[in-house]
Amino acid sequence: MLVLIASPTGFIELILFFAVGAIGALCLRKDDKLANVRSSFFAIVGSLWGTIFSVGALFALNTILFSIGTPVFPLLSVSIAIDKLSAFFILVISLVSLFCSIYGFGYVRHFYGKYSIGALGFFYNIFILGMLVVVSASNALFFLIAWESMSVASYFLVVYDRRDPNNISAGSLYLVMTYIGTACIVLAFLMLYKFTGSFDFTIIKTMMGTIPDWIKNVVFVLAVVGFGTKAGIIPFHGWLPSAHPAAPSHVSALMSGVMIKTGIYMMIRLFLDILSPIPEWWGLSLLIIGSISSLLGVLYALTEHDIKRLLAYHSIENIGIILLGLGAALTFTSLGIHSLALLGLVAALFHTLNHATFKSLLFLSSGSVINQMHTRNMEEYGGLIKYMPQTALFFLVGSMAISALPPFNGFFSEWLTFQTLFQGIASLDFYAKWIFVGAAAVLAFTGGLALACFVKVFSATFLARPRSSEVAHAKEAPFSMRFGMGALAVLSLLLGIYSGHISAVLGYVGRDVSIFHDVPALFLSSEAGRLVVGNFSSVSAPVLFALLLVVLVVTWGVVRFFVYKKQEIHTGITWDCGTDLTPRMEITATGFSRSIISIFKSVLKPSMQHAVEYHDAVSRYLPKTRTVTLGVSDMYRLYLYEPINGFVVRLSRYVKRLQNGIINAYMLYMFVVLLVVLFLAVR
Amino acid sequence: MSFIIWTIQLILVPVLSPLVIGVIRKSKARFQNRRGASILQPYNDVWKLMHKDEIISADASWIFRYAPYIMFAVTLVVGASIPLVASFLKNEYTSDILAIVYMLAIGTFFLALAGIDTGSSFGGFGSSREMTISALAEGGFIFSLLTLALISGSTNLFSISAFIAAPNLLSALPIMLAFLGFFIVLLAETSRFPFDNPATHLELTMIHEAMILEYSGKRLALMEWASANKLLIFISLAINLFFPWGIAQNLSLGAVTFGIVVFAVKVSLFCLVIATIESTIAKLRFFRLPDLLIVSFILNVVAIGLII
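Chains as they are written, first to last, in this note's numbering: chain E, 1 to 683; chain H, 1001 to 1308.
Okay, chain H solo, but in the shape it has when bound (with noise of 0.2 Å):
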């Protein structure tokens, strides 16, 4: 039985990641009044990168070429390890906020270890630039965590998922704080406005888009994929954490059934937000951006202060 909730749990991220990059392209075409893709289309891409043929740099060492099996196979680990659609499939072996944490950190370290390998300047001043975000969203990522598990006595993103289901008004407030806290790291994280652009290759602006510059074929997909992965896992956090009502409870077939509705829902909801966001604000300049990163952490400091 577990094994089986395993192997669902790893596929489901993988499976369902390039929709949402689907959905948010689509919704950001509608704002600008294009009719845009589909929302299959990212699928497609995969599928090409995957047939194309590779072009490695001369100077690129074996961390460029594994970087993106790394990357992605940590996405999938991670993903496993998070409450999806059910929060009574609780592992007490990896679903730990700071396993979790710190599991994403491997991507973020070999990503940025690729993108300088190659020698080439973007990919040096992305990963500089990649790094000094994570490091300071680092603190933002980890106490809005840190208040849910005060709240609910426990580390454990699947026991965090049940407790906070129960509805509660006393540490409403608390939670919400913690949820703004987070959708900014979560905006930090994933590489979306208005920390970086991902839809430019504009040296100025960009920090995802600079390290992965010289990927080509399967490991540019793989390298795609994995920041789907990121982008999804994130989402599922958001919103498994946050906003866990609907989701099951127990091994019922209703339960289940509706813990995938409310999940898909809440999914796109959350992506028509994100590309709301990345339509109407504009990116910010670099050195703005600690500040907004600090106001995640001051925001998670006042939820814990409320709390405890």
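One chain only, chain E, in its complex shape (with noise of 0.2 Å):
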């Protein structure tokens, strides 16, 4: 049976499926309803194949190697290889897109009659199958194929609603960032081809030996920056907090939970399999790099009032974290202790499937809100609680995996990268441990922050009156869609009960990375569902769990049911101090968080603009209106982007001088450019 599932055949028929859905949903594009059907069909059962093609390739002997078809051109082979690692990746990809799909089938039904459901179809089920085949391939040439598909089709995606013309601007941003990381990386695979005279990557693994070290150096800042662009690390983040929210919700939702971590895929693929041995400071700069972005990533959050963007940049500080894991994991893995490089790389690995769920499941019920309220502004919601209230019990699970807090999942990956962090400091030397404590830190504060963020996020969003007529007209989304997000939920608590087994499934998935084959004792075990980091800590998810509800359900019947049972609850107004409750008497998603960033100003740098008009200019004592605008400065944008945007310009006019229209000078160049390769040929 397993050898049956987990086979090449298994995985041509996954490939299949989504093809079929995506040249059926272009086929059936005149008609929206059928293009639908078809394309989430193929997307659910492709997902679902996938789900479990991965599962069983998990737990299968050997790896999957086989390429399709004889190779055209000499470098490009259409192989593939399925260790357990990219059937981790596989299983993440597949098992969000279920959802997602699931989601997306009654999601989409709102784009009817204004926007091609067929190339909507087309685009999504091109999108999972680049993101699927981008872990599966183990060639260079192939991977950068798969690479281009699944940003193209996102591309086309974030630019589906194109009726919005910041649609349009983010979707510029993000091809043109995407363009960037993805040269970045044909830079670093050039330059792993020339010293090893291969695109495969099990040829340049072997022949990893002959390549200098400076070249080594070179291909990890390259991959850093083209593999990070991809995952939105700060400063290469610019594209994501206006793409993802531009997409659909259930494509942001998979951009935000699984594509972004394709770029870690690729990082723990190159740093860990492929480039090993490596120095030390790769590990150390990962860690810095993963710092800064989970810190800076929920500031940038606590910033925001639309939804969207909020989260997308809490995607940015999800992916911090995972760095920090995988940063700890480097580091380790440089100075030989393999033990503790598998607990750090367990610790990434969990926390990116945490994360995909988590963030997956919030993408989703925020994108049911947007649905009925038809604004991501947050200052326009409140009181959804009683006109969604299943949506908002999904957000409300989100966000307590989100913000760490047992007994869901995000607490136990967080735990784990603690605990990575914790043995760093203990056992590492001077200033290698100082980035560990530095790590660590930031790692305590991002979930603080986190936590007041998304307090910010459900009481603006679901809590209080409503701060628009709008929100009245609120309906319960429908069954597909509660369907999707409540699958979803019920996974995060799972993962997070179950953390103790999942481990031990990543650290079996984790010494399957060649280094790690004959790691002796491994730090992380689980005995009876807990999790126990060797004699330091330890932690029981389902002890846990079992004792909240417990406790919880017995302090509730006792205090319902024995003491003083006469007691009447009268239904009254919240207490008004005279006046008229209004909704400007709630706070604002804005206000919120004022003081915490006027606290972090100096990094934040926000503005505050006041307009005031008044009745009599010349005198100016009674203002008509007064208007205060306050914002957060995109410092990357003003600071980065810009001034290489202006030297791009720039050169581009100088270069635009040789293009005079005159032919003459063409002939010119033509005879230069031979006189030039003459000279080089002869010589």
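Wrong hints could be hidden among the right ones.
[Unchecked claim] Here are the computed distance ranges between Cβ atoms for each label pair:
#1 H:Ile1005 x E:Val603: 40 to 48 Å
#2 H:Ser1038 x E:Val603: 48 to 56 Å
#3 H:Val1261 x E:Val603: 44 to 52 Å
[Unchecked claim] Calculated lysine-lysine pairs in the DSS-like style (CA-CA distance at most 27 Å, straight line):
#4 E:Lys565 x H:Lys1052
#5 E:Lys566 x H:Lys1052
#6 H:Lys1052 x H:Lys1026
#7 H:Lys1266 x H:Lys1026
#8 H:Lys1090 x H:Lys1266
#9 H:Lys1283 x E:Lys601
#10 H:Lys1048 x E:Lys566
#11 E:Lys565 x H:Lys1048
[Claimed, not checked] Chain H stretches covered by chain E per the calculated footprint, using a threshold of three residues with CB under 8 Å from any CB of chain E:
#12 1043-1057
#13 1074-1082
#14 1104-1113
#15 1137-1145
#16 1152-1158
#17 1288-1301
Just so you know, these hints were derived from the structure itself, not from any lab.
Using N, Cα and C, we set each Cβ at its ideal position, and we do this for glycine too.
Join the two chains, each given in its own frame, into one complex according to the hints.
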């Protein structure tokens, strides 16, 4: 059975599901409903099969290795290698796309008659297909093709809602930055090719000894920039908070939940597998990048009142947390402490899985809110818990999970990340140790700030009184959307409760990476569902969950049924200090986070502009209107992107002079080029 | 056996916590030259509130209705997971430093949501201030416990307590620094001076009281009780992790009795310290508080620097 599932045929079937779904949706584009049914059906069945296939591949004995067809081009072969690491990422992708597709089936209905559903289905399927191939390709050129189709398909999904000009500019920024990233990746692979003569990952890996160190370092920097752009690390994150919100919500969920993780996958693949052995500074620099991304990510999230942009910033934060685990793993690997490195890798992988579930849950539930409210501005929500109780519950689960509150899954992967960093503090030498201390401090503060941020999001969206008239028309999402969200919410809880077992499986996945094959004793073990880190720490998710639940139910029962039963509960109005209650009395999302923003004003550079219009412009005593505009300046755009952009534009102006439209000049250029080529050839 | 221990641990904190509040209030009253209410008054308050009718705002949702239960349950679970009178009752399931920190955060999360849920301006800014302070206190909280974990080689609170109980001059200084850091966090997390004034309902100064302003009856009783529990939890952490001398190390009648006596004495002393602080210093301006919390964090970083 296992052999049957985890076979090359299994993978080809997986690819075919999405390909058929994509092409089918395109063929049926005349009829919105049919196209939606067709593309959703194949996406759902494909993801379901992907889940089964990847679980099979996780427990299969060998790596699934095969190539399709005979190579037409000498360097490009369609070769697939699915080891445990790839299988794990296929599992994450399939799991999230399964629930997103179920959700999407109901969600895309509001696009009927507005935009082409066939095109959406086509790009959606191609997008998932691209991600699946990205994590399983074992030839650099084939990988780049898959990477490109993933990027281009996601670009078209970002600009899908094309009547909003903001979406078009978000898409353009995304495309440009993706290509800068891809250029770095291409350069990295070309450098590896120059020294190994091959684009095949396995051959590159066996030839690693022949590559000089400085080339490896250059490849590292290029890969961090290239894959980091896709993962959204600061300062290469510029595209992320504008592109993720622009896409339809189930696509945002996929982009934030899994697409950015493909960058993480390639970092793991390159740094831990292909390029090893590695120097120590790689891991330390990833730790620093991760710290910066997670702290700044959550701070920028606090400044947002656009719900999807806020969630996108939290993706940057969580990518940072994943990088903390990965960076620690790289540092330990370079120092030869493989058992601790494996702990770091497990933390990173577990957080990847967890972030994929709760972030897609949050995007899906914010999508169903936006669907009802027709705006992404949280200031116009309020009190939605009474109109969309189930969506609110799902969003609450997501918020608790992302804020690392037990017993949900986010806590346990952050716990593992903390443990990895603690181990680093306890065992490393001087300067590495202090970087670990800094990373642990950042993780601690990030947790607190994320909690504050999600109190803000949840309360501004769902609690108190409505702040706009739209809220009264809001209705609960249709069944397929609720099913998608509910399943992810349950998954968040289950991944938390079974964290002990899951980390054991992840340890097994990590051991499949060749440098960890012969790690003598695992630092991380799981006994009866307990997470145990050496003699240092242990926590038991099932006991925690059961204890919280039992104590909660008993408290409720005792207070409800045994303590003075004759009590009456009246419904009144909130204390209004003698005035009429209006929504303006409530705290807003902006107001809620203003104190934190003021505290971190040296980092965030908040701006405040007053505009006052007077009744009498001469005396200026009685103001007619006052406007206060609060904002946070985009430092990266101001100090990084704009200067680079300006430089490129200036350079282009110089180059433009060459193209002056005079044929004689062009002939001169050809002549000069000919001469140079001849000179080079003869020499 | 372990079931009995769990039950005792579960019940001990809620049974004793109103007494702690009573002692603090009584000592504060003495500082103000008042006789003050009996130290058992908080029990009477809870009893009285439990018998009152309730008014719940029409704007409130189930979050407001169930937050008191969640708050209370969380403090009970945390109270059961920390060393109180004995360090040998080790449990390897929930008494991890991070589990404690993040379980307490569940309570803060729901408290802040409940504060906003009724749509009152007081609740809103109370929650905003509470989340600001608790976000900044998190670093100091985790790092003070981390200092102890690094000294004792375990993040289990019972192991830490047992390890620190053995006198060791080398780690005395980092422990003291970490304690100072922890003490600042204690004042912040339990809404005491100079962070919050537990005795006023003035909108300029209140944080915790602002969030529970709309509660009445049983739910108010639970909220008050839960915050008393939280105070006792923090005091117990302070005395049993940083000064665990005299804590029962084994299951003999003498050791346990001595442990209980020592616990009572130390908690009372700690209450006196808090009352003294509240009677002698003024509340800090809200935007001065981050400085204090950062001081707490830096003290812990220095402590870690001394031991690693």
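Requested in this report: Assess, step by step, whether the Cα of E:Lys565 is no farther than 27 Å from the Cα of H:Lys1048, and give holds or violated.
Outcome: Judged against 27 Å, a Cα distance of about 14 Å means the pair holds.
Requested in this report: Take the stretch 1074-1082 of chain H, compare each residue's beta carbon with every beta carbon of chain E, and decide whether three or more fall closer than 8 Å.
Outcome: Check passed, 4 qualifying residues.
Query raised in the report: Taken at face value, is the distance from the CA of H:Lys1026 to the CA of H:Lys1266 at most 27 Å?
Result: Measuring from Cα to Cα gives roughly 17 Å; hence the hint holds.
Query raised in the report: Under a C-beta cut-off of less than 8 Å, do 3 or more residues of the stretch 1137-1145 of chain H approach chain E closely enough to confirm the stated coverage?
Result: holds (count 6)
**Report entry** Coverage of the stretch 1043-1057 of chain H by chain E, judged on three or more residues with CB within 8 Å
**Finding:** It holds, with 8 qualifying residues against the three required.
Query raised in the report: Are H:Lys1052 and H:Lys1026 close enough, with their CA atoms no more than 27 Å apart?
Result: Given pair H:Lys1052, H:Lys1026 holds - Cα atoms ~25 Å apart, limit 27 Å.
Query raised in the report: Could one say that the CB atoms of H:Ser1038 and E:Val603 fall in the range 48 to 56 Å?
Result: 50 Å Cβ-Cβ, so the 48 to 56 Å window holds.
Requested in this report: Would you check chain E against the stretch 1104-1113 of chain H, counting CB to CB pairs closer than 8 Å, and say if three or more residues qualify?
Outcome: As far as the stretch 1104-1113 of chain H goes, the hint holds, because 6 residues have Cβ atoms under 8 Å from chain E.
Query raised in the report: For the stretch 1288-1301 of chain H, do at least 3 residues have a Cβ located nearer than 8 Å to some Cβ of chain E?
Result: holds (count 3)
**Report entry** E:Val603 and H:Val1261 - C-beta distance against the hinted 44 to 52 Å
**Finding:** holds, 50 Å
Query raised in the report: Taking 27 Å as the top limit, are the C-alpha atoms of E:Lys565 and H:Lys1052 close enough?
Result: Holds, at about 11 Å.
Query raised in the report: Are E:Lys566 and H:Lys1052 close enough, with their CA atoms no more than 27 Å apart?
Result: Holds, because 9 Å separates the two Cα atoms, which is no more than 27 Å.
Hint compliance for this structure: every hint is met.
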